[in-house]
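2 protein chains.
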Amino acid sequence: MWIPKRVSGYTAAEMRAKAADGSPIGVSKWELDTPALCVDLDKLESNLQTLKTKLASTGLASRPHAKTHKCPAIARLQLSSGSIGICTAKISEAEALFAGGIQPILMTTTNVTASKIARAMTIRKKNPSFIQAVDHPRTVRELNDAAKAFGVRADVVVDVAVGTRSGVPPEQALALLQLVDKQPNLKLRGMLSYDGSAQHIKGFKKRYDETLRRIEPNVQVFEAMKKSGLNAEIFSGGGSGTYNIVTRIPGFTDVQAGSYIFMDAQYLEIGGIDNEEVFTDFTPSLTVMATVLNTYFPNRLTTDAGAKALTLNQPPAIVIGEPNFKYNAGSDEFGAITYDKANKKYEVGDRLELIVPHCDPAVNEYDVIYGTRKDKVETVWEISARGHSQ
Amino acid sequence: MWIPKRVSGYTAAEMRAKAADGSPIGVSKWELDTPALCVDLDKLESNLQTLKTKLASTGLASRPHAKTHKCPAIARLQLSSGSIGICTAKISEAEALFAGGIQPILMTTTNVTASKIARAMTIRKKNPSFIQAVDHPRTVRELNDAAKAFGVRADVVVDVAVGTRSGVPPEQALALLQLVDKQPNLKLRGMLSYDGSAQHIKGFKKRYDETLRRIEPNVQVFEAMKKSGLNAEIFSGGGSGTYNIVTRIPGFTDVQAGSYIFMDAQYLEIGGIDNEEVFTDFTPSLTVMATVLNTYFPNRLTTDAGAKALTLNQPPAIVIGEPNFKYNAGSDEFGAITYDKANKKYEVGDRLELIVPHCDPAVNEYDVIYGTRKDKVETVWEISARGHSQ
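Protein sequences appear in the order of chains A and B.
As numbered in this note's numbering, residues 1 to 390 make up the first sequence, in order.
As numbered in this note's numbering, residues 1 to 390 make up the second sequence, in order.
You may find that some hints are simply not true.
Computed cross-link-like contacts, SDA-like style, restricted to lysine to any residue with a CA-CA straight-line distance of at most 25 angstroms [unchecked claim]:
#1 A:Lys18 to B:Ser92
#2 A:Lys326 to B:Ile201
#3 B:Lys345 to A:Pro169
#4 B:Lys202 to A:Ser331
#5 A:Lys345 to B:Thr164
#6 B:Lys376 to A:Ser92
#7 B:Lys182 to B:Arg248
#8 B:Lys148 to A:Lys202
#9 B:Lys18 to A:Ala99
#10 B:Lys54 to B:Thr253
#11 B:Lys125 to A:Ala13
#12 B:Lys182 to A:Glu347
#13 B:Lys326 to A:Lys345
#14 B:Lys182 to A:Tyr296
#15 A:Lys345 to B:Ala175
#16 B:Lys43 to B:Asp367
#17 A:Lys202 to A:Leu268
#18 A:Lys148 to B:Lys148
#19 B:Lys345 to A:Ala175
#20 A:Lys326 to B:Ser8
#21 A:Lys202 to B:Gly330
#22 A:Lys326 to B:His200
#23 B:Lys376 to A:Ala118
#24 A:Lys205 to B:Lys202
#25 B:Lys345 to A:Lys226
#26 A:Lys125 to B:Thr11
#27 A:Lys226 to A:Gly251
#28 A:Lys345 to B:Pro137
#29 B:Lys126 to A:Ala17
#30 A:Lys345 to B:Pro169
Calculated directly from the structure, the hints in this document are not laboratory data.
The shape of chain A in the complex, shown without the other chains (with noise of 0.2 angstroms):
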């Protein structure tokens, strides 16, 4: 009879309480219960230098995304490597980091209601790094009396739309700079123009006209406001896939490049300036692991990753060192891989790795990352604005 002799498949408890003393706890990643969320140390390591060595000559910063990682941990590593703040989507994300320990927060998004203007106040009168995006008069006006309420004088940066998703469009956007200029409570920083659509143009070339031309009429909302005299010193966007693009914008100030720690499977297949197909200058670190449930059918493996594990984004996960494989995360709770050709005779109970479809989604779904090095668990980070869609 078959006696299972080792516990292969640590839980999250279990490696909570491996990681108490703080040092490294060298699990292998391959022993963890599974689906776990992983990251690798070196690569993440290396992503970061990457991008401060590739910005350095270029004058301009980085401030990350956190809505990528929603982790106060990775977002302190990108401030100890050079990046002026931090960028988060929502203010529930906010409130994890700053309870986390970061203070230069950019939230990128407007508030729109009474209750989430008074939580952004009550950041911002505890941490005077706290800076938050405005579109509209409206909020403008909620913004400045809730500033007075909480006395406080609120830094703020106005949304410029690009596209039409976010973001006072570029034609009304000087009178919305000079409206936040006028209120007593609030100081203008600058602006910021996202362009997120742009991220996932396949081809550097194509990616980079677009980039360009449809930044054009912000650029000009930029040169409109130095020229009125408003405080021009912020003026940011862009993302993984731009950040070596919008450095041809004039009086761009910084990167909010969220991605480029992680990288996907959507970020893989962009391409980049020095490779076509292939977006290279960043590194894959972040992978999950699974298990193989079900080996009985010809040319098929059942896994334990699906829809929750890995989200529905295309193109699919990609299985390390198994090429042939196709992964299909559709059903919510299983994996179904398809395969002409398989590198070795699988087994149930068998492990493998996968590069996740879209980082961002796929990270929300999990409570903390692995972090791994030479493939031992070194730290098990809380993912702290997990689910924090507010």
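Starting from the known structure of chain A, arrange chain B on it as the hints suggest.
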């Protein structure tokens, strides 16, 4: 100047505090911080009653699947409305439900690692109503060894595949059932046959035919199991899309419907026995409250509920009261609505109520679900197994 008067946006922490004394809370769901997950309790109760009533004359029981709600409070309602047990997809879900006071649990996925088997036995040791699935000779033997080590005789069902996702193929099932029956520390209780892909076949007639056609080999396994003198007390499967079809399967004992309590955009469009276009057997009770963030762009609205609040499932979210709105949750943080015609002029800060694309993975994005009655929050339920994909 506009002065904010209302605190429109109670957080989960504030709502938990209001719920602490157990009496109905009374806050309108339109006053919740968004995105917020809500269930209309009248509709939820009506769905519970509908399943009970519709199964009453068929001889079938219900054993609802908790992968849908991940919430002990809802499992308790299901048991108190006559369900004979609760299914879970993952061992961590079973642990959360058992910790939440739920006893009759059937785990429908097989545990294939030593640690997960040990965790299952830890539940079984304390909970004689715990049943678990197996689908492989190796795990049968491991389970028996573990049961012996824990000093129990563990209740087991064999998962017999419908399709190629999980379970033992029908042609090998009888041998596996016999292997289970021979293990001194396992007690064979019967078999599972869940046809995941049948649930969303559009059109009742087609769904009916396909479901009965695909299950035929499993019915033969069931007949052979009975003929061999094996314990055939459980023959379980079916879901919300086939709950009134599996009643035609000879020997079938219980239905694992999950989504029937909530409904979603996916189930609405499969059609029912009385309505070929819309599945009206159950009533949509689950919604996400969202807030309008941007109204600048013609025939567009941006909301705060994107893929992290609604998932990428299709068909898209349905905006209640606005049949002409097309909802796109393709952005992680933002929902994008396009429309030709709206029933009102929307302003920044306005709330919307959305029927989710697919209930199971949407619920998995939230920590709490607000139970409402006539739009007032009555209770705050913890989604205890949220994120429990292990």
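Structure-based check of each hint:
Pair hint Lys18 (chain A) plus Ser92 (chain B) holds up; C-alpha atoms about 20 angstroms apart against a cutoff of 25 angstroms. Simply put, Lys326 (chain A) and Ile201 (chain B) have alpha-carbon atoms about 24 angstroms apart, close enough for the 25 angstroms limit, and the pair holds. The straight-line distance between the Cα atoms of Lys345 (chain B) and Pro169 (chain A) is roughly 19 angstroms, inside the 25 angstroms bound, and the hint therefore holds. Pair hint Lys202 (chain B) plus Ser331 (chain A) holds up; C-alpha atoms about 18 angstroms apart against a cutoff of 25 angstroms.
Among the hinted pairs, Lys345 (chain A) with Thr164 (chain B) is consistent with the structure: their alpha-carbon atoms are about 18 angstroms apart, no more than 25 angstroms. In summary, the hint linking Lys376 (chain B) to Ser92 (chain A) is supported, as the alpha carbons are separated by about 24 angstroms, within the 25 angstroms threshold. Taking the CA atoms of Lys182 (chain B) and Arg248 (chain B), the gap is near 31 angstroms; set against the 25 angstroms cutoff, the hint is violated. Between the alpha carbons of Lys148 (chain B) and Lys202 (chain A) the distance comes to roughly 57 angstroms, so the proposed pair goes past 25 angstroms and is violated.
The suggested pairing of Lys18 (chain B) with Ala99 (chain A) holds, with an alpha-carbon distance near 23 angstroms, which does not exceed 25 angstroms. As the CA atoms of Lys54 (chain B) and Thr253 (chain B) are separated by approximately 15 angstroms, the hinted pair is consistent with the 25 angstroms bound. Proposed proximity of Lys125 (chain B) and Ala13 (chain A) is supported: the alpha carbons are some 21 angstroms apart, at most 25 angstroms. A threshold of 25 angstroms between alpha carbons decides the hint, and for Lys182 (chain B) with Glu347 (chain A) the separation of about 24 angstroms falls inside it, so the pair holds.
Pair hint Lys326 (chain B) plus Lys345 (chain A) does not hold up; C-alpha atoms about 46 angstroms apart against a cutoff of 25 angstroms. For the given pair, Lys182 (chain B) sits about 22 angstroms from Tyr296 (chain A) by alpha-carbon distance, which is consistent with the 25 angstroms threshold. Restraint check for Lys345 (chain A) and Ala175 (chain B): satisfied, since their Cα atoms lie roughly 23 angstroms apart, inside the 25 angstroms limit. Only pairs whose Cα atoms come within 25 angstroms are accepted, and Lys43 (chain B) paired with Asp367 (chain B) is accepted, the gap being roughly 21 angstroms.
A distance of roughly 10 angstroms separates the Cα atoms of Lys202 (chain A) and Leu268 (chain A); the hinted pair therefore holds under the 25 angstroms criterion. The suggested pairing of Lys148 (chain A) with Lys148 (chain B) is violated, with an alpha-carbon distance near 69 angstroms, which exceeds 25 angstroms. With a CA separation close to 23 angstroms, the supplied pair Lys345 (chain B) and Ala175 (chain A) stays within the 25 angstroms bound. For a cut-off of 25 angstroms, the pair hint linking Lys326 (chain A) to Ser8 (chain B) is broken: about 46 angstroms separates their Cα positions.
For a cut-off of 25 angstroms, the pair hint linking Lys202 (chain A) to Gly330 (chain B) stands: about 18 angstroms separates their Cα positions. The suggested pairing of Lys326 (chain A) with His200 (chain B) holds, with an alpha-carbon distance near 23 angstroms, which does not exceed 25 angstroms. A distance of roughly 24 angstroms separates the Cα atoms of Lys376 (chain B) and Ala118 (chain A); the hinted pair therefore holds under the 25 angstroms criterion. Our distance criterion of 25 angstroms between C-alpha atoms is broken by Lys205 (chain A) and Lys202 (chain B), whose separation comes to about 44 angstroms.
Distance restraint check for Lys345 (chain B) and Lys226 (chain A): the Cα-Cα separation of roughly 35 angstroms exceeds the 25 angstroms cut-off, and the hinted pair is therefore not satisfied. Note on Lys125 (chain A) and Thr11 (chain B): the hinted pairing holds, with a Cα-Cα distance of about 20 angstroms set against a maximum of 25 angstroms. Restraint check: the Cα-Cα separation between Lys226 (chain A) and Gly251 (chain A) comes to about 10 angstroms, which is no more than 25 angstroms; the hinted pair holds. For the suggested pair Lys345 (chain A) and Pro137 (chain B), the alpha carbons sit about 17 angstroms apart, so the restraint of at most 25 angstroms is met.
Between the alpha carbons of Lys126 (chain B) and Ala17 (chain A) the distance comes to roughly 24 angstroms, so the proposed pair stays at or under 25 angstroms and holds. About 19 angstroms separates the Cα atoms of Lys345 (chain A) and Pro169 (chain B), which keeps this hinted pair within 25 angstroms; it holds.
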